[in-house]
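Residue numbers (my numbering), protein chains in the order written: chain A, 1 to 159; chain B, 1 to 419.
Don't take every hint at face value.
Claimed, not checked - Computed list of lysine-lysine pairs in DSSO-like fashion (alpha-carbon distance at most 30 Å, straight line): (1) Lys47(B) to Lys159(A); (2) Lys52(B) to Lys242(B); (3) Lys85(A) to Lys256(B); (4) Lys132(A) to Lys85(A); (5) Lys59(A) to Lys183(B); (6) Lys51(A) to Lys311(B); (7) Lys384(B) to Lys48(A); (8) Lys48(A) to Lys28(B); (9) Lys28(B) to Lys314(B); (10) Lys183(B) to Lys159(A); (11) Lys242(B) to Lys75(A).
Derived from the structure by calculation, the hints contain no laboratory data.
Residue strings, one per chain:
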Amino acid sequence: MIIKGRALKYGDDINTDVIIPGRYLEITDSDELSSHCMEDLDSKFFYKYKKGDIIIAGKNFGCGSSREQAVICLKQIGIGAVIAKSFSRIFYRNAINQGLIIVESFEAVDFIQNMDELEINLDDSYIFNKTKNQYFKINPLPAFMQNIINHGGLINTIK
Amino acid sequence: MGQTISEKILSNHSDHKKVYSNEFIDVKVDLAMSHDNTFLVSSIFSKIGKKKVWNPKKIVIVLDHRSPANTSISAEKHKIIRDFVRTQKISNFYDIGEGICHQILPENGFVRPGMIIVGSDSHTTTYGAFGAFGTGIGATDMAAVWATGKIWLRVPETIRFDLYGNLSQFVYAKDIILYIIGKIGSDVANYLACEFYGDIIHNMSVDGRMCISNQAMEMGAKVAIIPSDEITSKYIQSKTNKKFDEFCSDKDADYKKIFNFDISEIEPQIACPNKVDNIQPISNLIGKKIDQAVLGSCTNGRLEDLAISAKILKNKTISKNVRMIVVPASRQIYLKSIDRGYIKIFLESGATIINPGCGPCLGLHQGVLAENEVAISTTNRNFKGRMGSVNSKIYLASPATISASALKGEITDPREVKL
């Protein structure tokens with residue numbers, strides 16, 4: 001699988017409260033809910049992101065509340081993947097379960113700049129920064145988790 | 001090779017004889033807790049195609065996050081949850097006003113040492129205070145647990161905290177855990193189990209232990225275990241007759257890291273906006289003006305917390321510039337607080353008491369903050385916009401510190417209040 005998109009770069013400890021604030025969680029319409037995605041982190045996010053964009057973040061992305069809507073919203077608005085130095089534990093599981101592509105890479109995050117054009121090749125396990133002509137090797141997911149993704153998420157796996 | 005407490009509990013719940021860190025295993029779940037997000041969990045569960053949950057007796061549902069319902073949409077969701085609970089014959093259902101899930105479960109004897117408890121709430125680490133493997137999961141994971149009674153886990157490596165020294169007056173469990181988080185950071189325990197040791201822990205009350213295990217989630221802990229002892233057993237036996245397995249770590253257990261902290265010199269600690277690891281000793285913040293003081297939450301809304309606050313507020317009046325909100329963590333705590341006269345003290349001092357539940361902690365209702373307002377709170381998160389306006393600020397502190405600050409209208413050292 002190859003994911004192509006622009007980088008939208010943010011910092012460390014991006015928590016699920018800013019990915020989708022609690023005050024919107026009661027909204028049941030997924031498009032309306034997702035329109036508030038990342039709003040408390042970057043009030044212009046909804047207007048500047050493009051479908052397929054790749055979020056770049058520092059350590060501990062998705063920390064805080066276990067709210068799965070954080071993953072659901074990022075997926076709903078068409079975020080291609082999240083590359084972070086590390087992911088918080090519950091967010092990581094939720095992403096696997098919902099089929100949101102997440103990639104851990106310390107090095108790539110340090111070198112990628114906002115709006116760089118990126119290509120993530122999951123089959124050959126690398127990130128290619130087209131803007132800077134740089135390659136970063138990534139570790140494939142453990143087979144156990146890859147199996148969940150191959151099934152299209154946890155629900156399909158246990159059906 | 002020796003095992004940690006987590007490795008022992010997980011071994012006891014898996015098909016393998018002995019499991020060690022970094023293995024992926026399936027384990028049987030002893031208890032599955034969900035709150036208002038049962039709405040989302042039940043909608044995902046319906047996609048699995050199973051009509052009935054695996055074991056309704058092992059599921060507990062507590063409505064606490066929007067309690068009572070704050071909008072008609074919330075009310076509809078609560079209604080759907082009540083219908084689901086009836087259809088599935090889930091008798092362990094606690095409707096609005098009973099309290100916060102993380103207080104309700106221990107209080108009703110659901111939490112015992114050696115259990116595996118999953119909750120669709122990140123602060124499920126609280127049950128580590130009783131020597132249980134309690135961990136937070138998302139809605140899809142919970143739906144799968146409802147269907148199968150099992151969950152896959154990576155056996156975590158463990159970090160050990162050895163605490164020594166005696167606490168100064170007006171320094172509490174909250175200050176200890178904030179101090180630790182400030183020293184090691186918001187993600188040091190990510191994916192890892194924590195074990196806490198030392199005389200200070202061994203002599204600590206159940207309420208204090210629950211504060212430590214709860215707040216430890218804010219350094220990423222997968223579980224935050226305090227080994228069970230006579231204080232644990234006494235508490236559990238006062239709640240249930242059910243038997244339990246106690247586990248202690250082996251002498252040659254493999255720890256990823258061991259932290260030693262001398263807590264005898266620490267002063268009251270404060271987590272400054274907008275990160276829980278942004279910790280300052282109170283002396284650096286004296287005089288910072290506040291608009292709201294919150295006493296409550298799954299971290300610090302327990303009887304001991306209310307007792308400390310009542311002791312400080314007795315015969316005094318809260319600053320006219322401050323709204324103080326008190327949220328007892330459960331109906332039982334509320335009733336005991338009435339018996340002991342705390343509620344009268346709160347009301348006479350000018351505080352507002354709201355019903356047991358999560359209250360304003362996550363900015364949904366019952367005391368949200370306006371633009372540029374500042375709160376000091378005993379809750380567990382101070383993230384941007386968490387309690388209302390994205391331009392409000394939250395400082396986290398102990399019940400003693402928030403109470404002293406409410407009196408003066410600014411951040412105040414509780415050691416300076418005349419009792």
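Evaluated hints:
For the proposed pair Lys47(B) and Lys159(A), the alpha carbon gap of about 9 Å is at most 30 Å, so the pair holds. Note on Lys52(B) and Lys242(B): the hinted pairing holds, with a Cα-Cα distance of about 26 Å set against a maximum of 30 Å. Straight-line distance between C-alpha atoms of Lys85(A) and Lys256(B) comes to about 20 Å, which keeps the hinted pair within the 30 Å bound. Of the supplied pair hints, the one linking Lys132(A) and Lys85(A) holds, its CA atoms being roughly 19 Å apart against a limit of 30 Å.
With a C-alpha separation of about 17 Å, the suggested pair Lys59(A) and Lys183(B) falls inside the 30 Å cut-off, and the hint holds. Under the criterion of a C-alpha separation no larger than 30 Å, the hint pairing Lys51(A) with Lys311(B) is inconsistent with the structure, at around 56 Å. For the given pair, Lys384(B) sits about 21 Å from Lys48(A) by alpha-carbon distance, which is consistent with the 30 Å threshold. A hinted pair counts as satisfied when its Cα atoms are at most 30 Å apart, and Lys48(A) with Lys28(B) does not qualify at roughly 45 Å.
Using a Cα cut-off of 30 Å, the hinted pair Lys28(B) and Lys314(B) is violated, with the two alpha carbons roughly 49 Å apart. Proposed proximity of Lys183(B) and Lys159(A) is contradicted: the alpha carbons are some 45 Å apart, above 30 Å. The suggested pairing of Lys242(B) with Lys75(A) is violated, with an alpha-carbon distance near 44 Å, which exceeds 30 Å.
Violated hints, listed in ascending order, are 6, 8, 9, 10, 11; each of the other numbered hints is respected by the structure.
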